[in-house]
Amino acid sequence: MSLQNLLQDWSRYRRGREEGGFHNYEHMWGMSIDLNLCIGCNACSVACYAENNLAVVGKDKYEKHQAMHWMRIERYWDEPDLGEGRVSEYQQHGASFLPMNCQQCNAATCEPVCPVAATYHTPDGLNAQVYNRCIGSRYCSNNCPYRLRYFNFYSYYEDSWPEPLNLQLNPDLSVRDKGVMEKCTFCIQRIRVAKDKAQREHRVLQDGEFTTACAQTCPTSAIVFGDMLKMYDPNSTNPSSKVIELWEKHQVELGVTEQEKHNPKIRGYRVLEHLNTDPCIMFLDRVREV
Amino acid sequence: MTTDTRDMRNIQEDYSKDINEDIHWAKINEDVLRSMENPRMGYWIAVGVSLFLLSFAVIAEIYQYNTGMGPSNLNWPHMWDLYIATFVFWIGMSHSGTLLSAILHIIKADWRKPIYRFAEAMTTFSLMTAGLFPIIHLGRLWNMYWVIPYYSDRGIWPNFRSPLVWDAFAITTYLTSSALFLFVGMIPDLAICRDNAKGWRKKLYTALSLGWRGDDRQWRNFRKTYLLMACFLIPLAVSVHSIVSADFAMSIMPGWHVTTFPPYFVAGALYSGCAAIITLFILLRYFFRFEEYMTIAILEKTCKLTFAISMVWTYLLFIEFAATWYGPDAVDKELLIGKFTGPYSPLFITMIFLGSILPLTLAFEKFRRNIPMMFVVSLLLNVGMWLERYMIVTPTLSLSYEPFAQNVMWPSWVEWFILLGSFGWFGLLFLVFVKIFPSVSMYEVKEMIFHRRHLANKEIAAVMHRRLDDAEKKPSTTTPEPGLEGA
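Protein chains in written order, with this note's numbering: chain H, 1 to 290; chain V, 1 to 487.
Any given hint could be a false lead.
[To be verified] Each pair of labels, with its calculated beta carbon distance range: (1) 325(V) / 169(H): 48 to 56 Å; (2) 204(V) / 163(H): 57 to 65 Å; (3) 210(V) / 159(H): 25 to 33 Å; (4) 173(V) / 203(H): 48 to 56 Å.
Since the hints were derived computationally from the structure, they do not count as laboratory data. Note that beta-carbon positions come from the ideal geometry of N, C-alpha and C, so glycine has one too.
When you get a sec, could you build the whole thing from the sequences and use the hints?
Here you go:
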């Protein structure tokens, strides 16, 4: 049984190596986040808390850095050099915001280090986390260069959702107990529901049919979510999507460690892609008047 | 000779001799067996202190088990902290015994013979301590057996690519092998104990000595087994700490992703193991009055060995600095600067002082012969080596690629209690060991004395080497045949 699995995995791995690209993938979920549009309102983060049953840990635990914000808005205030030698004493343009959720790396560093294979790559191009399998060695979080994995340091279900707040919990996914690692799943419960529905109706999943909670909530539509498989697998029956348009427009590709760009006006980049993690989220640089 | 009641502590020791060749063999048995009976008050105090320390860890672990990993102050991104640092520390300590008994056995350094037994025990017990830490640090430790590859009807196996799984294999293999090595090496001594014991001890030693009669065939088989296990253990010891270093080296984090980590960790392990041997050497010498076996000359040799290893470790440490400094990785360089200037810099600089500068004292004969000083130095060296492990784990977690996640974390009482308790646990195991098993190898000390006599006096050697068929020869031919050496 498992030998068969092993051989299947091996042949799939060899094919990916020899022919390149993504074979036998059902989807390749990806995202584009436009930092020009991001106003740092944290609505995506709040939506994520509501959608994914994230525990609200409280002020003291937040200060101890034990919070679990799968989608976090990073604020950078520091702007030392405004170019052309002009150094400003004051913050002229406000904070810089960087929404960070799991980058769903195709060469994820968290996957090989898990001792019990609780985190693995799905045929959807997702980096999945199996809560029931997790034993909490926390190696994945240590090996995530983006620090996007959060650990349940306590059992929160009593403190975080006292009666009757437990009724607000999303029934589509579990509430995690102490000792389990968790992270952004690209709202896998929504993906599952949409895929099931499409299958029942004997059709392919359409772009924009559903989206993640963060993308749905973003007031400026800075976050665009979609399937990118068509970009890499021409035989795929999946439709083209808005994400593919954006990635192509900004000349960002999967599977490279350095994007080739000739036009400086093209803003797309992926965070820490030189580490060869191959993240599935493209950021569009913020352009400012200096 | 049994009436010889000289108190060796009051006479000036001959520093040039590893051991006094005139010790009567019966006296060796007597001295070692004496160390195993009638615990004095000091022993019970030591047991009490160990239990007290252990109780700290038990309380902290019960609390942590019930509450989660939160009270230990672990946070995002400090997912590992003292637990893993201390785990590496104890694994490092376990390399002492292998070094003394296996490596020095193979290179025929016979001065190891009076001191290797407790070093081997230290190997086994520090592994038993180290093995607890990866379990303690798990978020759901009740599921720890999932790391072991067992056939399950769910068809799930551990992830064989993960260094943590390699760790589990490496540690269990090393623990089994070193415990077996300790036991096999002890069989002739256990037979001596059996012949002198009464009551439950008699039963225990009878079972453990496996019917040892000390006949020729048994000795031959014993020698072969022992040598074979020594040869097996050396690559194992090297691989265990290389695999522990792979926990860090296989990651992509700056400060962990270092090619020289395997040899660096092995050198660090031998270093802290040697320092711990000096500590326990002095304690046993003092408490069990083993001055005649654990001589200053042997202490000096151990110190010299520690010094050599400390310099190897220092060299590898500075290689790591240089490789980072002249390397292309900006984040790695930033981390190195952060180690020297950031919030953890006092610990880091202390580590370099204790690990690289303090061992210079071991280079001077005057200091090496000063027992109280060597005791303090050996403890400080181990503090330095513990800090080294802490400074490998924590600064990387504190300062890595993601600037938003950078923060400083100091461990809470839970982590400190469990750290303290590990010393209690180790101490307890060791204290039980020294009263139940001979902590000095009787048969090997006899062997050592025999060989020393042989070296010192050719005539005695010839007499002792004389075999039955030699009796017909003229007794005046006193030069031994070369083939008879090393009986």
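These are the hints, each one checked on the structure:
no.	hint	result
1	325(V) / 169(H): 48 to 56 Å	52 Å, holds
2	204(V) / 163(H): 57 to 65 Å	59 Å, holds
3	210(V) / 159(H): 25 to 33 Å	58 Å, violated
4	173(V) / 203(H): 48 to 56 Å	55 Å, holds
Of the numbered hints stated above, the single one contradicted by the structure is hint 3.
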